[in-house]
Amino acid sequence: MTDRPHDDPTHAPSGVTPSSTHGSHGGDDVGHDFAHPVAGHHGHAPITLEYQPALPIPRGKLCLWLFLSTEIMFFAALSGTYIVLRFGAPEGTWPAPETVHLAEGIGAFNTFVLILSSVTIVLALEYARSNRRGLAKFWLVLTAVLGTLFLGVKAYEYDQKFRHGIYPQHPHGRIYERADLSYLAATRMRLQEEIAALDAALTGATPAPVEVMESDPAEATSALLPPMSGRLAAADAGSSHASANADVGADVPAGDLSAEQLRARRETAEKLLAGGVRWVEGEVATSTNDAYRRDLMQSLGYLVYPREVARVPAIASMKREQAALNEERPTLAARVPELEAEVTAAGASFEDLVRKQSELDERIKTLEDEIDDLDYDIEDAEDAEDDELVEKLETELEEKEELLDEVEDERADLTREIDALRPAKAVADANLRKLSARLAAVDGRLGFLREHLSHLEHADAGHLHGLSDEHPWMRLPIWIPSGNMWASTYFLLTGFHALHVLVGIIAFVVMIPLTLSPARAGALENVGLYWHFVDLVWIFLFPLLYLF
Amino acid sequence: MATSAQSSPHGSLKTYLSVFIALCVLTGISFAVANSQALMANPSVGWSLMMAVSAGKALLVVLFFMHLKYEANWKYVLTIPTLGMAAFLVIALGPDIGARTAQYSEERWLQAAQPLGEPAPELAPSGMPAATATEPPANVPTANVPPADTPAP
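Here the protein sequences line up with chains C and B, keeping their order.
Going by numbering that gives the first Met the number 0, the letters in the first sequence line up with residues 0 to 547, in that order.
Going by numbering that gives the first Met the number 0, the letters in the second sequence line up with residues 0 to 152, in that order.
In case anyone wonders, no lab produced these hints; they're calculated from the structure.
Check each hint, because a few of them may be wrong.
To be verified - Simulated pairs of lysine-lysine, BS3-like, Cα-Cα distance not exceeding 27 Å:
(1) C/Lys-270 / C/Lys-433
(2) C/Lys-318 / C/Lys-433
(3) C/Lys-364 / C/Lys-391
(4) B/Lys-13 / C/Lys-60
(5) B/Lys-13 / B/Lys-74
(6) B/Lys-13 / C/Lys-136
(7) C/Lys-136 / C/Lys-160
(8) C/Lys-391 / B/Lys-68
(9) B/Lys-68 / B/Lys-13
(10) C/Lys-355 / C/Lys-399
(11) B/Lys-74 / C/Lys-60
(12) C/Lys-318 / C/Lys-270
(13) C/Lys-60 / C/Lys-136
(14) C/Lys-60 / B/Lys-68
(15) C/Lys-364 / C/Lys-318
As the list claims (entries may be wrong) - Label pairs and their in silico Cβ distance ranges:
(16) B/Leu-109 / C/Ala-95: 23 to 33 Å
(17) B/Gly-93 / C/Glu-266: 49 to 59 Å
(18) C/Ile-194 / B/Leu-109: 26 to 36 Å
(19) C/Phe-108 / B/Leu-62: 21 to 31 Å
(20) C/Phe-495 / B/Ile-79: 21 to 31 Å
(21) C/Leu-65 / B/Gly-93: 24 to 34 Å
Every residue, glycine too, gets a C-beta built ideally from N, C-alpha and C.
Go ahead and model the full structure; you've got the sequences and the hints to work with.
In structure tokens form, the structure reads like this:
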């Protein structure tokens, strides 16, 4: 076979002549080499009409090679596109393998598995050719097993990604390209949603589920679930079963959560919402320092989903913030008594005036009563026709009415004074309230920073354990620059490759029951060629995805 | 084994085992390159080495496992144009997809993936802008104020 046919194979297609010997060459494309009859006659035979195959190989093999050449283009295009996208991404953004939970060791293991399976399939072919059917079958079965092992490892790897919210697509994907305002808003909304769900679970856990079932079919379904709302239960189902949660104490299956655990979760979420998200949102809204705003948002993003490169800057910016807040806090605390005094002073004079006002009100009432009395007395005197008394009483009435006018004027002045004082008091009150709120917020943030800084500094370097790992049930948005593009290309590449592996395994399984005699060697060779190609693709994918 | 009288002069157990070992060793080399501080100091050196190793591995698989070493010249007809087309496609993607960030407008950059910023030079040593640090508390919006009953952690 190494002595290649004399005539150039590329010219062969036109070489089929009308009276070619179909009987001797047609039909059988398994294990039969067409090169020999051609090669055997080359040069010396007289001009006989003879069938020349398109290429000096069996038709099945030819078809497979044609298919493989399209496959080469397909995968070269896919991985080439990956390379182009990867190196064209904004500088410094493409996620490192460890950032997206790709373990080199696992990739290397899978490479080994595929290489080994290439050897086993080639051995199966050799044994089938030498008609040692039992051994051929053994190696074929082993190849299928190795292919399945590869897929199993792949499934484990996919599960790792899904567990961390790395999906190629929304709504499952939680990847954000930037730690910006929309990332902050998404984090806040997720936490609020989670807190609401926890609240629902907490209150929903108390009433007897039987009553709910009778009254409302919609609620009945959620009542059938463990004592959590349906949504929360569904959220946890994805991340609850399996070993990864062994190191995450709080993440037990949803049904096993006691009210106490639910409350603990709620508290954790509240803490992150107040000391983390809300604080950052407030600062970002008020500050004019872009670097400070960026640092705040990035350090939050880092805490949720840490990356090794970001560790040092994140710790540094958190420390800077801590120092600044520690500096601000005494100033704030010193202002509290000051504002309290202001509030008290404003309140004191205000109350004083209000008291005076009510005194005047009383005086006005007394005077009005006296005037009424005088009116009656005057009427009585007129009835008695005592003119002297009437005159005297009328003078007295006039005096009283003058006095009433005076007092009423005084009261009007006082009311004006009180109205003038009211906003000042409200401002003093509001100032005090805001100061106390700011102080509480600063204290909350300082506590948050203290907790997370000590956590960061004590974690062993390189071990990336963020809030999204610690509390997977929160399903927080994660900041992975270029992570969406990465996920799309990763799942596309490995998914297509895994599909090819699956097809290969199916082909093996179909062949296993057959008798692997030399007559079947051709088919086995074709399946083997396909399988080697699958191995070939992985040879390029492994360094591209795991090592670059 | 099968080398003897059979129709396949290509491949013997010995060949296959040597190829297998070579492939394992080459995988190990890729792994070592990826983890070598010196070679990855300039990543393109490491990347080129890894791709070269991969090409070598691919060649071994194609030549020995897929028996192309022993095939007639038709192998060039099927492989070389294919590889050329594949390479052409990748090269054709370069100017627009590969160099896409060169064309980004300022607005587009606002939505682009955000690399980790270097520590900002314009930042005051305290890290806190003066405006926020000393502003009267009356100006603090309620947005960043946690509920009053939230206990300080």
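Evaluation of the provided hints:
no.	hint	result
1	C/Lys-270 / C/Lys-433	holds, 20 Å
2	C/Lys-318 / C/Lys-433	holds, 26 Å
3	C/Lys-364 / C/Lys-391	holds, 23 Å
4	B/Lys-13 / C/Lys-60	holds, 25 Å
5	B/Lys-13 / B/Lys-74	holds, 24 Å
6	B/Lys-13 / C/Lys-136	holds, 20 Å
7	C/Lys-136 / C/Lys-160	violated, 36 Å
8	C/Lys-391 / B/Lys-68	violated, 142 Å
9	B/Lys-68 / B/Lys-13	holds, 16 Å
10	C/Lys-355 / C/Lys-399	holds, 21 Å
11	B/Lys-74 / C/Lys-60	holds, 12 Å
12	C/Lys-318 / C/Lys-270	holds, 19 Å
13	C/Lys-60 / C/Lys-136	holds, 21 Å
14	C/Lys-60 / B/Lys-68	holds, 16 Å
15	C/Lys-364 / C/Lys-318	violated, 67 Å
16	B/Leu-109 / C/Ala-95: 23 to 33 Å	holds, 24 Å
17	B/Gly-93 / C/Glu-266: 49 to 59 Å	holds, 53 Å
18	C/Ile-194 / B/Leu-109: 26 to 36 Å	holds, 31 Å
19	C/Phe-108 / B/Leu-62: 21 to 31 Å	holds, 25 Å
20	C/Phe-495 / B/Ile-79: 21 to 31 Å	holds, 24 Å
21	C/Leu-65 / B/Gly-93: 24 to 34 Å	holds, 28 Å
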